[in-house]
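A.B. asks: Note that the protein sequences, when read in sequence, are chains A and B. All residue numbers for the first sequence refer to the numbering used here, where the first residue is 9 and numbers rise by one. All residue numbers for the second sequence refer to the numbering used here, where the first residue is 380 and numbers rise by one.
Bear in mind the hints are in silico, worked out from the structure with no lab data behind them. Careful, some of the hints might be misleading.
[Claimed, not checked] Quick list of the computed label-pair ranges, beta carbon to beta carbon:
| hint | chain 1 | residue 1 | chain 2 | residue 2 | range |
| --- | --- | --- | --- | --- | --- |
| 1 | A | Gly309 | B | Ala678 | 22 to 32 Å |
| 2 | B | Phe454 | A | Leu314 | 35 to 45 Å |
| 3 | B | Gln675 | A | Gly309 | 45 to 55 Å |
[Claimed, not checked] From the derived model, a few chain B residues whose C-beta atoms are all more than 10 Å from chain A:
| hint | residue |
| --- | --- |
| 4 | Gly409 |
| 5 | Thr415 |
| 6 | Gln458 |
| 7 | Ala493 |
| 8 | Pro688 |
| 9 | Lys891 |
| 10 | Lys897 |
Yeah, the Cβ is synthetic: ideal placement off N, Cα and C, and Gly gets one too.
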Amino acid sequence: MEKRVFLPIALLFVTALAYAQSEGTLSFMNSLPQVSYNNPAFVAPYKVAVSLPSSSMVVFYSNNGFSYSDLISRVNDSTKVDLTKFNSALKSKNYITQALQDDMLRFCIKINPKLVLTFSSTAKTYSQFMFPKDMIGIFANGTQPYIGKTATVSPQFDATMFIESAMGGSYRINENLTIGARFKWLKGLANVNTQNATLNLAVDPANYALTVNADASIRTSGIQNFGQSGFNLSKSYSSYLQNNGLAVDLGATYRLNKLMLGASLIDIGYINWRNNTYQYSLNSTATYTFQGIDLGKVISGNSDYLKSEGDSIQNKFKFKETPMGSYRTSIPGKMYLSAMYELMKNFTAGAVFFSEKYRDRISPGVTLGVTKNFGRWFTAAGTYTLSNTSANNLGMGMSLNLPGVQIFAVGDNLLGIPLSGQYLNKYINSLQYFNLRLGLNLVFGRDKNPSKKQATDPPVKPQEP
Amino acid sequence: MVWLKRILLHVIGVLLASCSVTNDDYIIKGLDASPTLAIPLAYGDLSIADLISKKDSANIKVQGDSVVYLSYDQFLISQDIRNLITIPDVGTTTTPMAVPPGTYPPAPNDLTVATVNHLVDLNLSHEKLTEIDFKSGALSYAIGLSQPNANLKYAILISIPEFISKVDGSIFSQQVSGTGTIQLSNYVFKSNVANKFNLNLSVIIKKSSSSVTIAPGTTVNSQISFAGIDFTYIKGFFGDQTVTTKPQTLDIHAFGSSLLNGHNISFAQPALSLTVVNDYGVPLEVNFIKLEARKQGNALPMQTNPVSPILVNQPLTMGASANTVVNVTNVGALINFVPTQFYYQATARINKGQVSGVNFMADTSKMRVHMQVNVPLYGKASDIIMADTVDAGFGNLEGSKIATASLKTNVTNELPLDVSLQFYFVDQNYKVLDSLLDSSQSNIVKGSLVTAAGELQTASVNDKLIPLDGSKISKVFGAKKIIIKALMNTSKDATGSQVDVKFKSTYKIKIKIGLEAKLKIVSNF
Chain A
9 MEKRVFLPIA LLFVTALAYA QSEGTLSFMN SLPQVSYNNP AFVAPYKVAV SLPSSSMVVF
69 YSNNGFSYSD LISRVNDSTK VDLTKFNSAL KSKNYITQAL QDDMLRFCIK INPKLVLTFS
129 STAKTYSQFM FPKDMIGIFA NGTQPYIGKT ATVSPQFDAT MFIESAMGGS YRINENLTIG
189 ARFKWLKGLA NVNTQNATLN LAVDPANYAL TVNADASIRT SGIQNFGQSG FNLSKSYSSY
249 LQNNGLAVDL GATYRLNKLM LGASLIDIGY INWRNNTYQY SLNSTATYTF QGIDLGKVIS
309 GNSDYLKSEG DSIQNKFKFK ETPMGSYRTS IPGKMYLSAM YELMKNFTAG AVFFSEKYRD
369 RISPGVTLGV TKNFGRWFTA AGTYTLSNTS ANNLGMGMSL NLPGVQIFAV GDNLLGIPLS
429 GQYLNKYINS LQYFNLRLGL NLVFGRDKNP SKKQATDPPV KPQEP
Chain B
380 MVWLKRILLH VIGVLLASCS VTNDDYIIKG LDASPTLAIP LAYGDLSIAD LISKKDSANI
440 KVQGDSVVYL SYDQFLISQD IRNLITIPDV GTTTTPMAVP PGTYPPAPND LTVATVNHLV
500 DLNLSHEKLT EIDFKSGALS YAIGLSQPNA NLKYAILISI PEFISKVDGS IFSQQVSGTG
560 TIQLSNYVFK SNVANKFNLN LSVIIKKSSS SVTIAPGTTV NSQISFAGID FTYIKGFFGD
620 QTVTTKPQTL DIHAFGSSLL NGHNISFAQP ALSLTVVNDY GVPLEVNFIK LEARKQGNAL
680 PMQTNPVSPI LVNQPLTMGA SANTVVNVTN VGALINFVPT QFYYQATARI NKGQVSGVNF
740 MADTSKMRVH MQVNVPLYGK ASDIIMADTV DAGFGNLEGS KIATASLKTN VTNELPLDVS
800 LQFYFVDQNY KVLDSLLDSS QSNIVKGSLV TAAGELQTAS VNDKLIPLDG SKISKVFGAK
860 KIIIKALMNT SKDATGSQVD VKFKSTYKIK IKIGLEAKLK IVSNF
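Could you build all of it, start to finish, from the sequences and the hints given here?
C.D. replies: So this is what it looks like as structure tokens:
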């Protein structure tokens with residue numbers, strides 16, 4: 009049974025291109041109210057759970073191309089940037105993704121054994137920078153490797169900052185099936201969106217003539233203002249609330265004896281950007297070929313032509329700023345598929361396949377893990393997250409329940425810290441994937457009757473301490 | 380589950396303990412890289428016209444068969460003969476004229492009371508002029524009484540029969556009194572006696588309604604002079620005179636000042652013509668003191684037929700010109716000498732051995748030497764050396780940063796010209812530090828293959844990657860200047876013999892030069 013479930017997921021994961029910007033370990037932390045972020049049908053075993061402003065936050069970092077150790081070399085006890093080594097570590101497209109979420113307020117209440125309602129407000133930022141391998145390759149290896157070829161050196165950048173206000177709930181239809189949904193009203197604050205970016209460099213085999221071809225279109229909202237003299241954010245705050253959006257989370261769980269299956273779609277939505285929208289574009293015919301010094305012009309005595317040529321290039325490749333109307337961007341959507349099996353009382357093993365889709369890029373991952381509830385006061389999870397670029401992501405989750413207060417920390421790549429030895433250098437230098445959720449919840453009315461199973465309960469049978 | 384608790388506690392303990400980092404990994408001390416740059420250096424799609432000095436661009440022409448030729452057509456103008464003849468000022472002629480004494484009754488008409496005639500000489504030393512069209516000149520006069528007499532109204536009538544009005548053909552005749560000048564530009568001097576004219580003066584008592592008494596001994600004094608006389612044309616006999624003309628040059632830039640000695644050039648069909656164009660209506664003999672092709676301190680005399688001195692033709696009428704063709708008998712040698720200048724200086728002698736005659740000249744008359752040089756770029760050449768010096772200007776670049784380098788050349792040549800290039804790196808005293816290429820590498824441009832008639836048969840294609848010696852590269856960066864030296868030879872035929880080749884306007888040389896250089900970048904912060 010387990011083999012049939014895990015093998016296809018593992019195969020799918022191995023073919024994945026990059027890390028997801030998701031939290032695999034969180035799905036194992038059924039003691040946390042935040043577990044519903046991965047699946048709105050998941051329900052934590054409390055009657056009431058509250059997160060006060062900024063008492064709970066999560067940071068993400070993922071880099072599908074390289075780690076810090078790929079960038080440097082130790083030479084005679086000195087640290088130097090090693091471009092050759094760096095370039096060889098890179099993938100054709102390298103994505104550096106960072107995200108930060110802060111729970112401004114979260115409230116969860118169990119109306120009855122079947123119905124749980126949640127209300128939350130979260131500030132979220134998300135940025136993704138992509139640079140192609142050729143961008144570094146040009147500096148590391150020069151233009152010689154590109155003779156007769158074209159180097160693609162255009163970077164791409166996207167960033168979004170928004171506030172999400174959500175209302176949702178879960179409903180247990182029967183003993184086996186629970187469904188959940190969360191509806192979100194989004195207020196976009198600022199956005200940078202690279203619609204298209206092309207910067208190609210071709211090297212002619214005849215005399216190494218360099219042809220640059222560029223095309224780019226970048227949209228922004230709420231950014232241009234900051235470059236204007238006299239702009240005062242406090243006076244213009246209201247205009248930053250014009251960017252409305254909607255999103256939805258959907259999920260369900262299904263119990264098969266000791267096995268609990270879950271599926272969810274998270275952050276399926278968009279934002280309409282209307283405030284201070286500008287487009288920055290290059291002329292679509294921005295092409296220039298440098299063939300060296302024009303002997304014809306030099307012979308004719310026109311030695312100043314290079315200066316005028318330089319001015320012409322500058323104008324050709326100058327970004328044009330144009331005010332524009334509204335535009336729409338999607339937010340990074342995620343999918344979770346989970347399977348948890350209760351191996352013994354209060355001890356669960358499982359797997360979570362997750363995938364994030366942002367624009368045309370799909371970033372999947374898989375987490376395998378176990379969860380152990382040590383009575384009602386302490387829950388711990390150990391996980392292993394695997395990708396095709398890294399296999400050293402040992403995650404963990406811990407929650408400590410004190411009377412009325414719950415302290416927690418969850419991350420997909422935290423166990424590397426104690427395993428790195430005396431210093432964190434080894435851990436930091438090899439880091440390509442990191443997320444950490446930590447915070448504090450106010451929790452009340454923990455379920456005492458384990459027989460009344462909730463959506464996330466199957467693998468969790470809290471026991472008295 | 381006890382074991383699980385122990386593991387968990389251990390992990391938590393280590394997690395709390397492992398919270399420090401060492402800075403060594405994060406203090407970046409430098410950057411190492413070894414990129415290999417492939418960059419373009421130069422390119423061009425050049426014809427032979429592009430390679431010829433731009434100073435001569437106006438002289439580059441194309442024949443009907445597309446062969447490019449250099450054409451120089453210049454009139455070397457001299458007005459030295461016209462300047463031989465100047466008309467001097469005529470000094471003051473003072474004439475006291477007695478007025479008969481007595482009381483003159485009122486008179487309704489002017490009354491002439493005295494007349495004097497002078498024969499004035501223009502005082503020309505060689506010339507015997509019978510006709511002068513005055514372009515400028517003035518007659519100045521001053522008239523006065525020997526004894527003041529307020530009642531006497533008088534004037535002087537100046538009459539010159541040889542001065543004919545250009546307007547109505549009348550003779551010069553004007554009443555004057557007091558002082559003043561009369562412009563002569565409206566008159567023509569015509570005299571049967573060369574250089575001389577009559578100056579007739581008459582005293583006139585003006586009509587009066589009252590009587591006037593003139594005391595004995597009363598005279599009217601006149602002073603007449605001529606100055607500033609120049610001519611529009613003159614006729615007569617100009618004398619046997621010789622003048623040395625100023626030196627004249629015809630510059631030829633096409634062959635370039637950088638063309639050094641040692642070349643061997645043969646043009647197949649050069650042409651050089653010399654024509655003396657004469658506006659002067661006077662027998663004229665031109666003696667070329669210098670008539671030669673020059674370059675860098677060397678000179679090659681031009682041989683003519685007829686040999687100098689040459690009696691040139693003269694026009695029959697004023698305003699016409701007469702041509703005298705002078706054949707140059709050593710055209711080939713002169714052009715193959717690849718001169719940068721044609722130079723001449725001559726003496727011009729008019730009326731050689733003559734004592735009389737009818738000559739004419741206008742003030743615009745000139746003697747012009749019309750020199751026409753046509754050099755079709757059709758021929759053969761070897762060991763043409765051209766050189767130029769450019770600043771090295773490598774700034775702060777260090778040779779040690781270039782590990783290896785190669786020169787990429789891609790040349791498609793339709794021109795029948797082989798070019799071997801060498802780059803000499805010199806210090807500020809032009810001391811050669813090294814050269815870039817070895818002898819096997821310098822033949823960068825191969826000439827096209829030509830037919831027996833010297834026309835393009837097949838363009839040469841030369842695509843090379845020339846590795847450069849590492850030790851030479853390091854010396855490049857010590858150089859202050861680079862001397863670029865090109866050794867050129869025209870193409871040979873299939874048998875290896877040099878034939879006359881044609882440089883047509885349609886022939887191009889497509890040059891693309893690039894550089895491949897592996898850099899060693901070691902940067903310490």
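A.B. asks: Evaluate the given range 35 to 45 Å for the C-beta pair formed by phenylalanine 454(B) and leucine 314(A).
C.D. replies: Check passed, 41 Å falls within 35 to 45 Å.
A.B. asks: Hey, does glycine 409(B) actually stay past 10 Å from chain A on C-beta?
C.D. replies: violated (5 Å)
A.B. asks: Is the nearest Cβ of chain A still more than 10 Å from the Cβ of threonine 415(B)?
C.D. replies: At about 4 Å from chain A, threonine 415(B) fails to clear the 10 Å cut-off, so the statement is violated.
A.B. asks: Verify that the Cβ of lysine 891(B) lies farther than 10 Å from every Cβ atom of chain A, and report whether the claim holds or is violated.
C.D. replies: Violated, because the least Cβ-Cβ distance between lysine 891(B) and chain A comes to about 3 Å, which does not exceed 10 Å.
A.B. asks: Is 45 to 55 Å a correct range for the gap between the Cβ atoms of glutamine 675(B) and glycine 309(A)?
C.D. replies: violated (23 Å)
A.B. asks: Run the C-beta distances from alanine 493(B) to all of chain A and say if the shortest one exceeds 10 Å.
C.D. replies: Holds, because the least Cβ-Cβ distance between alanine 493(B) and chain A comes to about 78 Å, which exceeds 10 Å.
A.B. asks: May I ask you to check that glutamine 458(B) keeps its beta-carbon over 10 Å from the closest beta-carbon of chain A?
C.D. replies: holds (35 Å)
A.B. asks: Hey, is lysine 897(B) genuinely clear of chain A, shortest beta carbon separation above 10 Å?
C.D. replies: Violated: least Cβ distance 8 Å, not greater than 10 Å.
A.B. asks: Confirm or reject the claim that glycine 309(A) and alanine 678(B) have a C-beta distance inside 22 to 32 Å.
C.D. replies: Since the Cβ atoms of glycine 309(A) and alanine 678(B) sit about 30 Å apart, the hinted range of 22 to 32 Å holds.
A.B. asks: Report holds if the minimum CB distance from proline 688(B) to chain A is greater than 10 Å, and violated otherwise.
C.D. replies: Non-interface label stands for proline 688(B): nearest chain A Cβ at 43 Å, farther than 10 Å.
Of the numbered hints given earlier, the model fails hints 3, 4, 5, 9 and 10; all others are met.
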